[in-house]
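Number of protein chains: 2
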Amino acid sequence: MPDRLGPPRDTPLFERITLIGLGLIGSSIARAARHLKLAGTLVAADASPEVTARVRELGLADIATTDAAAAVSGADLVILCVPVGAYGAVAEAIAPQLKSGAIVSDVGSVKGAAFAQLAPHIPAGVHLVPAHPVAGTEHSGPDAGFATLFIDRWSILTPPEDADPAAVNAVRSFWRALGSNVEVMTAQHHDLVLAITSHVPHLIAYNIVGTAADLEEVTQSEVIKFSAGGFRDFTRIAASDPTMWRDVFLNNKEAVLEMLGRFNEDLAALQRAIRWGDGQALFDLFTRTRAIRRNIIAVGQETAEPDFGRRRGGDGDGQ
Amino acid sequence: MPDRLGPPRDTPLFERITLIGLGLIGSSIARAARHLKLAGTLVAADASPEVTARVRELGLADIATTDAAAAVSGADLVILCVPVGAYGAVAEAIAPQLKSGAIVSDVGSVKGAAFAQLAPHIPAGVHLVPAHPVAGTEHSGPDAGFATLFIDRWSILTPPEDADPAAVNAVRSFWRALGSNVEVMTAQHHDLVLAITSHVPHLIAYNIVGTAADLEEVTQSEVIKFSAGGFRDFTRIAASDPTMWRDVFLNNKEAVLEMLGRFNEDLAALQRAIRWGDGQALFDLFTRTRAIRRNIIAVGQETAEPDFGRRRGGDGDGQ
Ligand SMILES: NC(=O)c1ccc[n+]([C@@H]2O[C@H](COP(=O)([O-])OP(=O)(O)OC[C@H]3O[C@@H](n4cnc5c(N)ncnc54)[C@H](OP(=O)(O)O)[C@@H]3O)[C@@H](O)[C@H]2O)c1
Ligand SMILES: NC(=O)c1ccc[n+]([C@@H]2O[C@H](COP(=O)([O-])OP(=O)(O)OC[C@H]3O[C@@H](n4cnc5c(N)ncnc54)[C@H](OP(=O)(O)O)[C@@H]3O)[C@@H](O)[C@H]2O)c1
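If you read the sequences in order, they're chains A and B.
All you need for my numbering is the position in the first sequence, starting with 1, plus 77.
All you need for my numbering is the position in the second sequence, starting with 1, plus 77.
In isolation and in its complexed conformation, chain A is listed as follows (with noise of 0.2 Å):
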């Protein structure tokens, strides 16, 4: 995997653009457009005084603001990274100050509920292209952002069907300028398929961890102590922003409960093979889920290395 941004263009993509919401995301694509110079001016507004100290402190953006609604006037690309809970209230703000031609963007992991937060009150003349990069980290804020998030991750657009072909374009050269291929699907094909690849494990990994808290059989000293055996792989996961999973879940329900009808179904599946020691049955289930690890390994989108390379061999063994 390629670990290095590209070096910087000679000409910016973007004259103006501005990020709203400088966490993990925003500052992981401040950190990338600053470095590769894709913008002219860029502009950060979040509305923490925190969050807007500490970018100006790390240098991320040319301008940093509490006041989102000044931060996008002027500006060709606005992209929203903020969690999707606070779509509507951002681009009310903002809708005023937009100026003509802009493009409208934005990160978050639901595209329909995206949609239909932002559409109403984007102006006429101003081109909403949504976006979702399906790459990042369990941790958040504008310290937890690396420019090199991006690369070799995919980013999925999900335009309109009415949407303007030259605004999408921009938005895939954005991206891919970041490093990210480019897939373009619609808003309700993105939620069933980042339903399955995303929000389901996240939901499962924070109900188990919730499952081993509760226990009283089990003391949580020995849940922490024991948990190489595979359960600190779930605690990663289920380390995650509270803000933003909450938003993904109230956001994406028909096709999150949908998928976890077919996962729970599998699973009484799975229960009832272990109470009548069909043997068999889970050899072959163990069997064929070794080869989609594989294949995402063989596409790039995981390292090779045992264990996700947590501890590397070698030291000591003496080969």
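Simulated from the structure, these hints should not be mistaken for laboratory data.
Since we're looking at a predicted model, the values are computed, not measured.
A few of these clues could be false.
Copies of the same chain look alike in the list, so a pair counts if it works inside one copy or between any two.
Stated by the list, open to error - In silico lysine to any residue, SDA-like type, Cα no more than 25 Å apart, as pairs:
1) Lys330 - Gln297
2) Lys330 - Arg367
3) Lys330 - Asn341
4) Lys330 - Arg352
5) Lys330 - Asp343
6) Lys330 - Ala345
7) Lys330 - Glu293
8) Lys330 - Ser298
9) Lys330 - Glu342
10) Lys114 - His204
11) Lys330 - Phe360
Could you slot chain B with the ligands onto chain A? The hints should help.
Same frame as chain A, but now just chain B with the ligands:
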């Protein structure tokens, strides 16, 4: 986390150690024991001639054979490192050759069934001290092992109530020499603790990867491409050895079904919270679960690096 073994010992801990099964765990023990000179003579037995040939090539033991019975003859410590389903057959085969005063131990992930399958074959005068190192990766076989696997992990000993204290201490010293912390508990409690910290996590990982593979609305290629949203973490666990894990579920049925019952109850409540849009319930759970990861990192059972350190930030972010 220290990632090095200490210097070799001047005098071995045991005159003769025999390992049966030279896969991930057996070959990791062999590498560490050889480096540390824990055995005067290290003997390796594996049912598979390919494995014994590879053990010879890698120089992992002084003697490598497919004949487990011959291999245990004269051994002071015998450690079974085969899937739990093979315990009965192996114990029956080696029993006549075990010398009086020998210690028989194992590394199986299930301890009640391990004892039940081994105990009937153990001759009088031989000490049975089952153990389970809570450490591993998703890979198998003699090439997957590494000497530092057990450093700072926990090994759980589950001696029967009437076990010889000197034999228990000898096994404790062995695991401490490999860098592990050691805890003693009943086999029954072990099986309950591991059901929640390892077995159920594996089951739900296998399950969701299976669910994703069977969808019609979402293609396999989409599942693979967009796996960085969380799903790929589960595929690591779901790539673990099918034989080993079939045997775990067949042999820890009760505790797994008990913990799975709790998991299902909690998941039903979460499902209801999503259906009814109860954002506060979601937010509360998602906040509570973060603390557990912080503690796992604090006690050194996990790396503090974001995303398991899969990809390090820094390059190209200009800071
Ligand atoms: N984390 C991931 O893995 C990931 C991956 C892909 C996409 N996303 C999407 O990216 C978006 C941001 O996630 P993140 O992980 O970057 O979150 P984050 O680190 O928590 O950052 C969000 C930032 O937005 C600010 N904010 C909240 N409400 C605001 C408002 N009304 N106006 C202006 N700023 C506001 C927050 O300030 P306060 O701290 O003061 O609230 C915070 O600085 C979400 O929509 C999420 O779905 C996340
Ligand atoms: N993997 C983990 O993360 C982990 C962690 C802690 C404990 N454990 C426990 O460690 C034990 C071994 O697991 P592993 O991951 O090391 O498995 P592995 O890599 O598959 O190795 C098992 C080895 O045992 C051999 N074997 C199988 N049946 C045998 C028999 N009847 N006689 C002699 N050799 C036989 C296998 O040969 P073939 O290849 O020819 O079958 C293989 O070489 C299991 O009981 C497991 O529960 C595993």
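Structure-based check of all given hints:
1. Lys330 - Gln297: Between copies, since 23 Å is at most 25 Å while 31 Å is not.
2. Lys330 - Arg367: Between copies only: 23 Å across chains, 30 Å inside a chain, cut-off 25 Å.
3. Lys330 - Asn341: Both ways: Lys330 and Asn341 sit 16 Å apart in one copy and 19 Å across, limit 25 Å.
4. Lys330 - Arg352: between (32 Å within a copy, 7 Å between copies)
5. Lys330 - Asp343: both (20 Å within a copy, 18 Å between copies)
6. Lys330 - Ala345: Result: close both inside a copy and across copies, 22 Å intra and 14 Å inter.
7. Lys330 - Glu293: between (32 Å within a copy, 20 Å between copies)
8. Lys330 - Ser298: between (34 Å within a copy, 24 Å between copies)
9. Lys330 - Glu342: This pair counts as both: shortest intra-copy Cα distance 18 Å, inter-copy 19 Å.
10. Lys114 - His204: Answer is within: at 23 Å inside a copy they meet the 25 Å cutoff, but 70 Å across does not.
11. Lys330 - Phe360: between (33 Å within a copy, 15 Å between copies)
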